[in-house]
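Q: Residue numbers (the working numbering), protein chains in the order written: chain A, 1 to 464; chain B, 1 to 464; chain C, 1 to 484; chain D, 1 to 484.
Hints listed in this document are in silico derivations from the structure and should not be mistaken for laboratory results.
Ideal placement from N, C-alpha and C gives every residue a C-beta, glycine not left out.
Careful: at least some of the hints might be erroneous.
Unchecked claim - Calculated from the model, a selection of chain C residues having no Cβ within reach of chain D, i.e. all distances over 12 Å: (1) Pro-28; (2) Asp-62; (3) Pro-87; (4) Gly-300; (5) Tyr-302; (6) Lys-386; (7) Lys-403; (8) Gly-404.
To be verified - Listed below are the simulated DSSO-like cross-link pairs for lysine-lysine, each with C-alpha atoms no more than 27 Å apart in a straight line: (9) A:Lys-150 / A:Lys-324; (10) A:Lys-287 / C:Lys-470; (11) C:Lys-470 / B:Lys-304; (12) A:Lys-304 / D:Lys-470; (13) B:Lys-287 / D:Lys-470; (14) D:Lys-57 / C:Lys-403; (15) D:Lys-445 / B:Lys-304; (16) B:Lys-304 / D:Lys-363.
Said to hold, decoys possible - To be clear about the criterion: a stretch of chain B counts as covered by chain D if any three or more of its residues have a C-beta under 8 Å from a C-beta of chain D, and this derived list gives those stretches: (17) 61 to 68; (18) 248 to 261; (19) 366 to 374.
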Amino acid sequence: MPFIPHTEEEIRQMLDAIRVSDIDELFSEIPGDLHSGKLTSVPSGISEMDVGRIMLARSRQDGHYINFIGGGVYEHHIPAAVWELTTRGEFYTAYTPYQAEASQGTLQLLYEYQTMMSSLMALDVSNASLYEGASALAEAVLAAARARKKLNKVVIPRTVNPRYRKVVESIVRNQRIELVEIPFSVTEGTIDIDVLRAFDKGSVAAVVVPQPNYFGLLEDVDTLTDAAHELDALVIGLVNPTAMALLRPPGRWGADGADIVVGEGQPLGIPLSSGGPYMGFMCCRNKYVRQIPGRIVGRTRDDKGNEGFTLTLQAREQHIRRSKATSNICTNQGLMVVAATIYMSLLGPEGLRRVAARCHHNTNILLAKLTAIDGVYRCFETPFFHESVVRLDQPVTDVLRAIEAQGINGGIDLSEDYPELGNALLTCATETRTVDEIENYATHLDRIMSRRSLDPPCAEKVAG
Amino acid sequence: MPFIPHTEEEIRQMLDAIRVSDIDELFSEIPGDLHSGKLTSVPSGISEMDVGRIMLARSRQDGHYINFIGGGVYEHHIPAAVWELTTRGEFYTAYTPYQAEASQGTLQLLYEYQTMMSSLMALDVSNASLYEGASALAEAVLAAARARKKLNKVVIPRTVNPRYRKVVESIVRNQRIELVEIPFSVTEGTIDIDVLRAFDKGSVAAVVVPQPNYFGLLEDVDTLTDAAHELDALVIGLVNPTAMALLRPPGRWGADGADIVVGEGQPLGIPLSSGGPYMGFMCCRNKYVRQIPGRIVGRTRDDKGNEGFTLTLQAREQHIRRSKATSNICTNQGLMVVAATIYMSLLGPEGLRRVAARCHHNTNILLAKLTAIDGVYRCFETPFFHESVVRLDQPVTDVLRAIEAQGINGGIDLSEDYPELGNALLTCATETRTVDEIENYATHLDRIMSRRSLDPPCAEKVAG
Amino acid sequence: MLIFERSRTGCTNPSQAPDDDSDISGIPTSLLRAEPPIIPSVSELQTIRHYTSLSQKNFSIDTNFYPLGSCTMKYNPRACNKYAMLPGFLNRHPGSSDRTGQGFMACMYELQEILRDVTGMAAVSLSPLAGAQGEFTGVAMIRAYHDANGDDQRDQILVPDAAHGTNPATATMCGYQVREIPTRPDGDVDLDSLRQTVGPRTAGLMLTNPSTLGVFERQILEVAHIVHEAGGLLYYDGANLNAIMGKVKPGDMEFDVIHMNLHKTFSTPHGGGGPGAGPVGVNERLRPFLPIPYVIDDGGEYRWAVEEDCPLSIGRLSAFMGNAGVLLRAYVYARLLGREGMQRVAEHATLNANYMMRCLEDKGVEMAYPGRRATHEFIVTLKSLKDETGVSAMDVAKRLLDKGYHAPTVYFPLLVPECFLIEPTETESKEELEGFVEALVEILKEAKADPEMVKHAPYTTPVHRIDEVKAARELDVAWQIPEN
Amino acid sequence: MLIFERSRTGCTNPSQAPDDDSDISGIPTSLLRAEPPIIPSVSELQTIRHYTSLSQKNFSIDTNFYPLGSCTMKYNPRACNKYAMLPGFLNRHPGSSDRTGQGFMACMYELQEILRDVTGMAAVSLSPLAGAQGEFTGVAMIRAYHDANGDDQRDQILVPDAAHGTNPATATMCGYQVREIPTRPDGDVDLDSLRQTVGPRTAGLMLTNPSTLGVFERQILEVAHIVHEAGGLLYYDGANLNAIMGKVKPGDMEFDVIHMNLHKTFSTPHGGGGPGAGPVGVNERLRPFLPIPYVIDDGGEYRWAVEEDCPLSIGRLSAFMGNAGVLLRAYVYARLLGREGMQRVAEHATLNANYMMRCLEDKGVEMAYPGRRATHEFIVTLKSLKDETGVSAMDVAKRLLDKGYHAPTVYFPLLVPECFLIEPTETESKEELEGFVEALVEILKEAKADPEMVKHAPYTTPVHRIDEVKAARELDVAWQIPEN
Ligand SMILES: Cc1ncc(COP(=O)(O)O)c(C=O)c1O
Ligand SMILES: Cc1ncc(COP(=O)(O)O)c(C=O)c1O
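Sequences and hints are given; from them, build the entire structure.
A: As structure tokens, this is what we get:
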């Protein structure tokens, strides 16, 4: 019996001790007519060897593509040590550190994470993770609305990842928060600041400011922050953590800095992993610490005066405050925080800065190579971090499909989410891309683009 | 500086403390004309990311073949837990447990291994590993010669793996041990016992008895053991550990059992790994314990009376006995023992027996399917464990090359080592082979064989 | 020691970082960072030693029996980790096309089907990221359903007083008012109260069954009837599904929507706090509202459902594809167990809990619901000990750590005074169960003989009793560079 | 507790084993096993808990500073493990054709080239499985060389009295008689003795340089000259190569043959005892005798050398391809370091040793070779402490464990009384070095104040001082099922 340790004899002894004749008797409180739980479409159990064979075959089936997709999660080099340590049983199979004395390992690590993350953002406080970037943004919107009690209007620019906007909408909708989109300049690709300035002072709870924005472009965060604060709105920064090793952090935006900052922690040592698990981070100024959701670890002492760590400010959380909690979140993304913390330690501030710089550098090369191709143009001249948009003279989906047949994931087709940009392609080269790979991409793209202007490529003919 | 923790400032402080002006001064005792160590053909250092890229590409280049090769090391299912535990830093990065109090983990594990292994062989004592099977056999030959002082003749049947015979020869040659080969019956594939019986009593130090033998066949170990003992020779069993879960162990062979047993421990949870690291095991009767090489762990007490473990009988070893040691072995295959011990614990005696039984079962199917093909015949009708020999009506090398082009490793060509067997192929199906895979092999072999009788296959034409 | 205290400016790990020759002139200097963040500059070896040593300060399933009630701390098979972390899955960008993810999606699709069968529901979406997000999803669907029916006066969600904190918190997040339903002394829901509370404002009832009290709600069909009669829907908090897999299906108990905690029932690791996965299952009437994405088998090709497939969907709850790696682990687990294995999980989880309960009862330990069968967990109350000696359940819990056992859940559910919610799980051996019983009984003796000693436990852990009050009062949540 | 004590007949892990429906009727029943072996029947969780907890009872590089002289316990980069364990390498059967192993063999070939450069030799074979087997290989080649020259009266190998035990043991295994050469008080070989000992019976001299005394043999060229003059060959025990990589090459020191310990200099893990890898390098005159297999670049295709390629080869030393996985780790390490990194290894290993030595000297600790530079290691002698207090080097070593430091090598080399051979390695931080110095100085104080306390150390390890005498006298090397 997989994972069940008892022998027949032991089962008998246990049943005798309980004074029942068989295991079924233990289910006697279940009304008889409900005893119908038989599983019919679950396959029979197979051995680890057989499951392994299936999984290996499926993982190979999915192949290996050279990746130029970003759009919120990014391929980075992850030092081997990160996951060898993270999957140690003592981290991997522990529960949430509710019993502090039996969980000092996880707790100290979380405290160290909070230190690194809040400092990376130049804010006072970090929580110990939320699910992922988009839902973290939703939580930030709710926290801001709580902080600005009577207000329910939150401004989200269209330069925020469209999926993030959808997630926020799904989550905050029920609490009657009004999300107001503001447009961007189609030439610059950044937030139209005049629209923001046009709001009435005191009418807006918060303004979301992305850096870089979904197009990979750098927003004028200082002006935006000051403008939002002018309205008496909180500023919710939405940032890429890798970028923050290089760029001015939200706590230093404008005159007073952002108030709450969230984002996707995946770039910090977490694999792309077909979609998750990732981790959301959230930092804030001290004065909002009681408004934010998620666990927080504090440093304290034990009764002998030794340094120790424990979960703190639990009165914000559901297990204490129940219907009045700041959020319903309970299980978070703890193990991803372990990975992120080890990742940051291994890279150090200098290593992280170099990663950020190399990403920018490579994307620069990518843009140069791609826009050298006939029919490929840069969409915006605005400075970017490690991602940017090019415009093609052909439908992006078809081009991406053809390039995929060459083992390359070329980027994200923006034409559905941003029809105003035309045939727009969001593309990215992190530090993991070599110049050879970039050139290879450009060569294929060139070939595909020039052939397509005459005739659709064969991959298209077959698949379409 | 990869893996060097110092900052420039610290280096300066250290140099100052030492009272030298630079690091080069520390090498002042090296005669000046020798300072020429500059490396010229070592490439410059690259990052982990770049090495990773190279290694990934090379490992993929080597592809994935469905494996029907045995011949001494075997593909088995290895539970995921085995290597997740084995590579824990505390096992992986510890040294030989010379400081017992700081190494109880490794020591207790070795004691448990010794228990399992000696019991699996039905002998009294096991050491804590040797390098691998072939050199372990050489060490057994030397130990036997030590035990039978004046004798230097050791009998090794031709049914022993030819590579093993070569390794033994290379190692024992210098100590003037005479290795005497005895032939096998070409119809049975097992040792010709009459040749063994013909030796003069008292003229032979030891006789090596393989089970199964290199052809995968089961020797008549009882008669062989008794015959060897008749000659006053020691019996050195050479066995496959997986087989011992199913077959009568060497300690129970004949009237008195084998005296020393060695073999390759790879089947016990150690990956094929392109050739190593594996591990040799060695067990013996109590009376030979001072003759065998390698570390041995004993159970004892600490000065508070608690159970504890330590290396023992070290007076056999080079670091104590120097030129009079039983062997020069120092570093052994410790980590492989960790894996083997965990593997045996996870499978248990019943699991191990089933693995052995399924290997036999699958090879039975394999033989049936292959010999159903025109031009493929069974070489021996003798009972086998999980490997056997078939004879083809065509040169084996060519057939193997053609089958390799289909993603299948078909087995080992015996024609060079055993020309007397003709076009002989040693082939094996462990528990990891499915019936589908076996059928797939047979189908391809059939096609290749029938085409070849007319015309060489195209893979052959291209490559040859 | 904190890792920051080992940091020395200038210590770098060059094999982990690109060379310092990138051109960043394209970024306006005004946007560049001035001061470096507090991230340690330490060597690889220092990092490894530091985090290896931290890990050793944890209790975990791999090191200790961990009978944390409601948390299902069972063995996390290593195969699940290994096969979920195969490079093909790990390196795949979620923005890649469905064409290049058929292997991965096949696993997801089959997992959906398996969970459908286990729960007896009509359809499953894997996307919620944990139990609480599953709850949110479920209640949001309930809301969407009523809205779609124009039934917009329903502004209340009912929860039993024994409910987990996430239930009422979720209801609030979905904009509902929470009404508590009391529990009877025998552990079942008070039906009279329920009848009095339901009505036209009732959107639904959230229930865990087996309940968080470690007993099976015997009147479940009655409860369902009452709520449905009133036009409300029935939500199943599947945290305790481990107790009934292959025995009873929530669908058969007439639940309309359910979430599962794969990090409990399907044994994905808790990871010191997460990640989990909280898939939801729904019956036919809620199917149109399922969150996206979920996998559709489109004539032999798998693809993610998008807005167009389900215009009534409550939408997206995360930017990508749920906790995919967690779902892969659950899939491997499900395949290893198979249908027989799943049923055995419920049987043996129940056997273990009843056996421990009986052993403790035989040694005079007081049960909160003495007449009842344990499900996969049960509740001990130490109120009389507290009254007698001043030693609290928390003190006993801390003392258990000294004996090498992780403490059970304490002070939950809130309605039982000085309680332990004990869930041994099916993967623990008889020997472990008996060891725990012995340790607990011994501590109860110690509490009588030397209450002060127990009140200051633990003694053998890396730190002694932690001062939580100080932590909250003198908030220190991030290390600062000491001034000197 | 031993794993056997948790075993219960009938407990199985069916996901790890095939079903019990195999047909074994083809095996004669007379050959079948009667009684099951003593292998535990325990659950997966029990196994994991047991071995996780055992692992935690070890000191290791990942947990403790481990300044074990002559062993080079430096950081083992995790990248080496990860990339050596890629499925393509791991699943490849060594019996596969060379055609299907070009990726693997490319690594091996390049590693041969790297080692050739580092040692300054003409050719390298990777096949020896550890240092001692490398020595065997080297001495066997020396023998084969003399034999090939018909020079068969040479039956002696010379080793300095400070040599590692494997040196004389190897000479014996190769059928040689061992002659010891004394060391002068300053740590260098006694040349007069050497001159008196060499002669027509001298097959060769085995030398470690830097020597096992932690000093560089300054007269190395003199030594080489004397031995070569007499017709002997010079063997280099490369265990201490870490001290000189990129600084001096053994080839330039006129050695004829060398082995390296990749599990030291190239940082492959020690694994609690192994596996290691002991490649050999030779100059032109020994090249024909190299053991097989080694990799040949045959016009762009790699292949293993076989007997036909090298008819004078001493043959095979193992059935397959050396410790391939260890070699892959060494290859990754070499690529990470590169030529600059290797030189830095020697520089910083030397810096660390000299710094520690100086710190200890400054605190009054006595050095065995006080006037000399440390190489990558150095020797402390505690003889005066022993005389004064009765506290031995071993006692101090045990007490170090209490302070969280693994003990240095004790009582080796044999000629220095009460010695510690201390090798900090280049991967340790200044902080660790200073911590060790402080701890040692503190213990020396303790030894004077309370010698009995130190004599019974350690106190904080999983067991107290182990009784080794009892272990040898009452030999218990395998657990037996208790009779009852
Ligand atoms: C009964 C119950 N419901 C809901 C939850 C919440 O699940 P999660 O922590 O995955 O959000 C839990 C988990 O603790 C629980 O025990
Ligand atoms: C100087 C010296 N020579 C040789 C050896 C033997 O190497 P191995 O243990 O790899 O056989 C060692 C290792 O301890 C050593 O220190």
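Q: Are the hints correct? Go through all of them and say.
A: Here's how the hints hold up against the structure:
With 12 Å as the threshold on Cβ separation, the claim that C:Pro-28 sits away from chain D holds: the shortest Cβ distance comes to roughly 36 Å. The Cβ of C:Asp-62 sits about 5 Å from the closest Cβ of chain D, inside the 12 Å cut-off, so the non-interface label is violated. The non-interface label for C:Pro-87 is inconsistent with chain D: the shortest C-beta to C-beta separation is roughly 8 Å, within 12 Å. Its beta-carbon lying about 28 Å from the closest one in chain D, C:Gly-300 satisfies the requirement of being farther than 12 Å from that chain.
Distance check on C:Tyr-302: its Cβ is at least 25 Å (rounded) from any Cβ of chain D, clearing the 12 Å threshold; non-interface status holds. A cut-off of 12 Å between C-beta atoms confirms that C:Lys-386 is not in contact with chain D; the least separation is 32 Å. The beta carbon of C:Lys-403 is kept farther than 12 Å from every beta carbon of chain D, the shortest such distance being approximately 15 Å. Look at C:Gly-404: its CB is around 10 Å from the nearest CB on chain D, not clear of 12 Å, so calling it non-interface is violated.
Between A:Lys-150 and A:Lys-324, the direct Cα distance comes to roughly 17 Å. Compliance with the 27 Å bound is thereby established for this hinted pair. The suggested pairing of A:Lys-287 with C:Lys-470 holds, with an alpha-carbon distance near 19 Å, which does not exceed 27 Å. Taking the CA atoms of C:Lys-470 and B:Lys-304, the gap is near 41 Å; set against the 27 Å cutoff, the hint is violated. At most 27 Å may separate the alpha-carbon atoms for a hinted pair to count; A:Lys-304 and D:Lys-470 exceed this at roughly 41 Å.
Simply put, B:Lys-287 and D:Lys-470 have alpha-carbon atoms about 19 Å apart, close enough for the 27 Å limit, and the pair holds. With a CA separation close to 18 Å, the supplied pair D:Lys-57 and C:Lys-403 stays within the 27 Å bound. Between D:Lys-445 and B:Lys-304 the CA atoms are separated by roughly 25 Å; this keeps the pair inside 27 Å, and the hint holds. Our distance criterion of 27 Å between C-alpha atoms is broken by B:Lys-304 and D:Lys-363, whose separation comes to about 34 Å.
For the region 61 to 68 of chain B, the proposed coverage by chain D is satisfied: 6 residues have a C-beta within less than 8 Å of a C-beta in that chain, meeting the threshold of three. Counting residues of the region 248 to 261 of chain B whose C-beta sits closer than 8 Å to any C-beta of chain D gives 3, which meets the bar of three, so the coverage hint holds. Against chain D, the region 366 to 374 of chain B contributes 0 residues with a C-beta closer than 8 Å to a partner C-beta. That does not satisfy the three-residue criterion, and the hint is violated.
Violated hints, in rising order: 2, 3, 8, 11, 12, 16, 19; the structure is consistent with all others.
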